[in-house]
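Engineer: Sequence:
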Amino acid sequence: MSPRRGRSLPLRRRPCGGMNAVMKRTICLLAVLISGACAEPLELADWTIPVPEGARIIEYDDPGIEDRDGRIELVEDLVVGPRGEDPNYLFFRPQGVAVDGGGRMYVLEMGSNRVQVFSPEGEYLRTLGQQGQGPGELQMPIAITASGDRIVVSDWRNLRLSHWDAEGIHLGDVPMASGRLEQTIVLTGAGSYVSARGRRLEDGSGVIDVTLFSAEGTETVRYASLPEPNPVRIEIPGGGGVVIPALAGSPAFTASPSGEVYATAGQEYQVLAFDASGSPRWALRAARRRQAFTDEHKSTVVAPLRERFPELNASEAEWPAFLNTIAGLSVDGHGHLYTFPYFFRGMAPDESPVEVYSPEGERLFAGTINERAWSAASGDYVYSLRTNEQTDEAELVRYRLIEPFDP
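Number 193 in the working numbering belongs to position 193 of the sequence shown; there are no gaps in the numbering.
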């Protein structure tokens with residue numbers, strides 16, 4: 001299958017003006033999921049993330065659902081997927097996408113322990129890495145990022161970062177002295193990168209340290225230590241149990257190529273911003289009601305588990321009282337920060353609410369978007385992986401990001 005260009009996303013492209021039946025249903029659903037009952041006025045929540053000294057405080061009202069500014073469109077621009085039996089276009093358990101300064105696209109495949117490189121037109125160029133433990137070889141790579149002409153792969157089992165240039169030359173491998181490699185890395189220029197690492201405190205609670213590392217793997221700046229929600233354990237009569245990762249989500253972070261770093265604990269609508277040196281810039285919070293964790297949510301979790309463990313005792317599990325507010329953060333190719341709300345498994349609407357901020361913390365837009373988050377961004381484009389609904393094959397997609405606001 002050849003790369004396809006210029007096709008809008010099916011059944012999703014609608015003008016911002018006016019409101020058709022689908023949009024009305026979406027707004028009603030968003031109102032229920034995000035705001036709940038609207039009788040009580042929303043108030044700003046107390047800070048649940050550590051606000052650094054010197055950070056400028058920015059506060060916003062909840063933008064509401066009915067008064068949103070319109071819609072951000074992601075218009076499909078290029079698709080790279082299988083071409084018959086050509087192995088260079090077959091993606092086995094792809095984990096991430098990166099794009100370098102020249103527009104070349106990198107697809108990280110955990111299943112094949114390699115990185116496939118494509119031109120801006122979607123043509124195969126080369127392969128980086130292969131399975132092994134030698135220089136430039138990979139074992140279970142889990143994340144990839146790029147800044148300018150440097151590409152870095154997070155190599156899980158080899159416990160190192162593998163560095164490459166845009167011409168496919170292997171620049172070296174950096175061991176991770178801590179013995180633990182996280183699943184998310186973001187390059188900030190000059191080879192430095194931001195990562196998040198879990199840590200247990202003396203009282204048993206957990207935090208996520210958002211940290212800047214040098215190209216040699218040395219910790220240089222710790223931006224923030226964000227509280228991590230506890231996992232849920234459901235007991236099995238007679239012994240044992242099932243441990244479910246934190247249902248309220250986890251802290252999230254992102255960084256722009258120019259070095260701004262953003263972090264959130266997710267529980268409340270709160271974001272911290274830092275410059276590349278680690279100095280705090282601002283702390284932002286907005287009024288938004290958290291959604292209660294209900295019996296319906298509990299059933300969604302327990303039902304599939306009971307197919308394997310019929311005797312699960314879910315009644316005594318310590319379920320969260322509320323769901324998160326923020327699910328994730330993304331930066332586009334122009335340095336705008338996007339905040340995406342949290343939705344429970346399978347409950348996200350087609351049209352997701354989103355807020356967009358400038359690097360200075362100014363809210364530029366509060367509306368909806370027809371996709372949720374992306375793996376990489378450059379200029380007017382964002383990049384993501386998806387499964388083709390007709391073929392069930394993985395494919396790389398480049399979208400043109402149409403932002404209906406002035407930066």
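No wet-lab data here; the hints were simulated from the structure. One should not assume that every hint holds.
[As the list claims (entries may be wrong)] No more than 20 Å apart at the CA atoms, straight line, and that leaves these computed lysine to any residue pairs for SDA-like:
(1) Lys-298 / Arg-233
(2) Lys-298 / Ile-236
(3) Lys-298 / Val-232
(4) Lys-298 / Asp-275
(5) Lys-298 / Ala-246
(6) Lys-298 / Pro-245
(7) Lys-298 / Ala-321
(8) Lys-298 / Phe-309
(9) Lys-298 / Met-347
(10) Lys-298 / Val-242
(11) Lys-298 / Pro-257
(12) Lys-298 / Ala-317
(13) Lys-298 / Pro-229
(14) Lys-298 / Gln-390
(15) Lys-298 / Glu-311
(16) Lys-298 / Leu-329
(17) Lys-298 / Gly-217
Bear in mind that the values here come from a model prediction, so they are computed numbers and not experimental data.
Engineer: State for each hint whether it applies.
Structural biologist: Verification of the hints:
1. Lys-298 / Arg-233: 13 Å, holds
2. Lys-298 / Ile-236: 16 Å, holds
3. Lys-298 / Val-232: Status holds; Cα separation ~11 Å.
4. Lys-298 / Asp-275: 40 Å, violated
5. Lys-298 / Ala-246: With a Cα-Cα distance of about 13 Å, the restraint between Lys-298 and Ala-246 holds, given a limit of 20 Å.
6. Lys-298 / Pro-245: Holds, because 14 Å separates the two Cα atoms, which is no more than 20 Å.
7. Lys-298 / Ala-321: 11 Å, holds
8. Lys-298 / Phe-309: OK: Lys-298 and Phe-309 at ~16 Å, within 20 Å.
9. Lys-298 / Met-347: Roughly 13 Å between the alpha carbons, so the hint for Lys-298 and Met-347 holds.
10. Lys-298 / Val-242: OK: Lys-298 and Val-242 at ~14 Å, within 20 Å.
11. Lys-298 / Pro-257: 40 Å, violated
12. Lys-298 / Ala-317: Roughly 10 Å between the alpha carbons, so the hint for Lys-298 and Ala-317 holds.
13. Lys-298 / Pro-229: With a Cα-Cα distance of about 17 Å, the restraint between Lys-298 and Pro-229 holds, given a limit of 20 Å.
14. Lys-298 / Gln-390: 32 Å, violated
15. Lys-298 / Glu-311: 16 Å, holds
16. Lys-298 / Leu-329: 26 Å, violated
17. Lys-298 / Gly-217: 41 Å, violated
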